[in-house]
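If you read the sequences in order, they're chains A and B.
Going by numbering that gives the first Met the number 0, the letters in the first sequence line up with residues 0 to 247, in that order.
Going by numbering that gives the first Met the number 0, the letters in the second sequence line up with residues 0 to 146, in that order.
Errors might be hidden in some of the hints.
[Said to hold, decoys possible] Using C-beta positions, here's what the derived DEER-type ranges look like:
id : chain 1 : residue 1 : chain 2 : residue 2 : range
1  : A       : L207      : B       : L100      : 23 to 33 Å
2  : A       : L204      : B       : H29       : 18 to 28 Å
3  : B       : V96       : A       : V41       : 44 to 54 Å
4  : A       : Y200      : B       : Y115      : 20 to 30 Å
Note that these hints are calculated values from the structure, not bench results.
Idealized CB from N, CA, C, for every residue including glycine.
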Amino acid sequence: MIALLIAAALVYAGAVFRLRRRGVDWPPGRALAWYLGIAAAVAVPGHAHTFRDHMIGHLVLGMGAPLLLVLARPVTLALRALPVRAARRLARALRSRPVVVLTHPVTAGVLDAGGLVVLYTTGLHSGGFLVGLHLLLTGYLFTAAAVGRDPAPHRPGPAVRSAVLIAFIAVHGILAKHLYGHPPPGVPAAEAEQAAQLMYYGGDLLHLAVIVLLCRELFPSPTRAWRLPPSPAPAACHNSPVTAKSSA
Amino acid sequence: MRPSNTVSGALLGLGVAAFADETVFHQLLHWHHFYDKSTPAVGLVSDGVFHAVSFFAAVASLFLLASLRRTGSWQPRRWWGALLTAAGVFQLYDGTVQHKLLRLHQIRYDVDVTPYDWTWNIIAVALIVAGVVLLARSRTDRVAEPA
Numbered sequence: 000m001i002a003l004l005i006a007a008a009l010v011y012a013g014a015v016f017r018l019r020r021r022g023v024d025w026p027p028g029r030a031l032a033w034y035l036g037i038a039a040a041v042a043v044p045g046h047a048h049t050f051r052d053h054m055i056g057h058l059v060l061g062m063g064a065p066l067l068l069v070l071a072r073p074v075t076l077a078l079r080a081l082p083v084r085a086a087r088r089l090a091r092a093l094r095s096r097p098v099v100v101l102t103h104p105v106t107a108g109v110l111d112a113g114g115l116v117v118l119y120t121t122g123l124h125s126g127g128f129l130v131g132l133h134l135l136l137t138g139y140l141f142t143a144a145a146v147g148r149d150p151a152p153h154r155p156g157p158a159v160r161s162a163v164l165i166a167f168i169a170v171h172g173i174l175a176k177h178l179y180g181h182p183p184p185g186v187p188a189a190e191a192e193q194a195a196q197l198m199y200y201g202g203d204l205l206h207l208a209v210i211v212l213l214c215r216e217l218f219p220s221p222t223r224a225w226r227l228p229p230s231p232a233p234a235a236c237h238n239s240p241v242t243a244k245s246s247a
Numbered sequence: 000m001r002p003s004n005t006v007s008g009a010l011l012g013l014g015v016a017a018f019a020d021e022t023v024f025h026q027l028l029h030w031h032h033f034y035d036k037s038t039p040a041v042g043l044v045s046d047g048v049f050h051a052v053s054f055f056a057a058v059a060s061l062f063l064l065a066s067l068r069r070t071g072s073w074q075p076r077r078w079w080g081a082l083l084t085a086a087g088v089f090q091l092y093d094g095t096v097q098h099k100l101l102r103l104h105q106i107r108y109d110v111d112v113t114p115y116d117w118t119w120n121i122i123a124v125a126l127i128v129a130g131v132v133l134l135a136r137s138r139t140d141r142v143a144e145p146a
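For reference, chain A alone in the conformation it holds in the complex (with noise of 0.2 Å):
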């Protein structure tokens, strides 16, 4: 896992280095974002040791850290610093109908929710690696569908994506509570309880930022509204020298 998290941390500052060079600026605070979700996913220990360890990964690797990743806009640092013919392969498989289906919020959402309660009503969720990898990857495609900047042809409206959002928090907050009562196999009363708290209401902080973030879109400010495009997809390729040349 740390492996493949300092491998992502090495290609983003490759990217933003080799944009550099060509005379173009990638905003600080993407890259920091990026290192901040990075930072945060190595902390989480591999193995915890219980259930309430386990939580407070479950937490940073699931919401927080997909959150931040999500900001760094990686699919729009790829699309800019690749060179053409691989950013126009991207982009062709970033409309290919898995990847369309695979991204859509209802799918993403199902995924990531009902992983969730997979993990923690069979007692799945002391599986190692795998699961943290797990958490990480659909955190990531369930908060990037729901509330992401990169360019995602396709992506439903605000409406769609609030409903599943609303939903996944629901389904979130049963499942906490569900937990409280519930402990999955072999975990003692007592921690279940903190665990299942822990959840909960760290839960509802993460889910209140994406929550500002999906309310920032349906609601644009006035003041704002001029530095926003109309929707993110062409903004990505604006000003790139990628998009440039191929629209040429």
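Place chain B on chain A using the hints.
This is chain B only, laid out in the frame that chain A set:
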């Protein structure tokens, strides 16, 4: 789409009422818990959905309020009227349907709940009356022209 004073106020009313219920009675006073063991599964699910909706509503309403203020179309009376009415309607619904008809949870356990129930529902009705009065009076308000 023009943001609406009534929608913004009502959304925040719902959000605040739900928030106050959870914070004060569940977490600070421990009168009823977020998981009452006697609560049926349906109660758990409905609570989860309600929490998610009210949470979202509170944030959305504040964004609406911000844009009302910015465009100078905020009508405080109408906004507060909608807020109080929605908070009262929620509380009355909670106090009658959820507590009494569905018996999802009670305000308190191991005591005579009658005085609590009366207090709860009277406050709810008072909120609704105050809200409706404000809404009625707000009809004569004029929208300020944007500067």
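Hint numbers contradicted by this structure: The structure conflicts with no hint, since it agrees with every one listed earlier.
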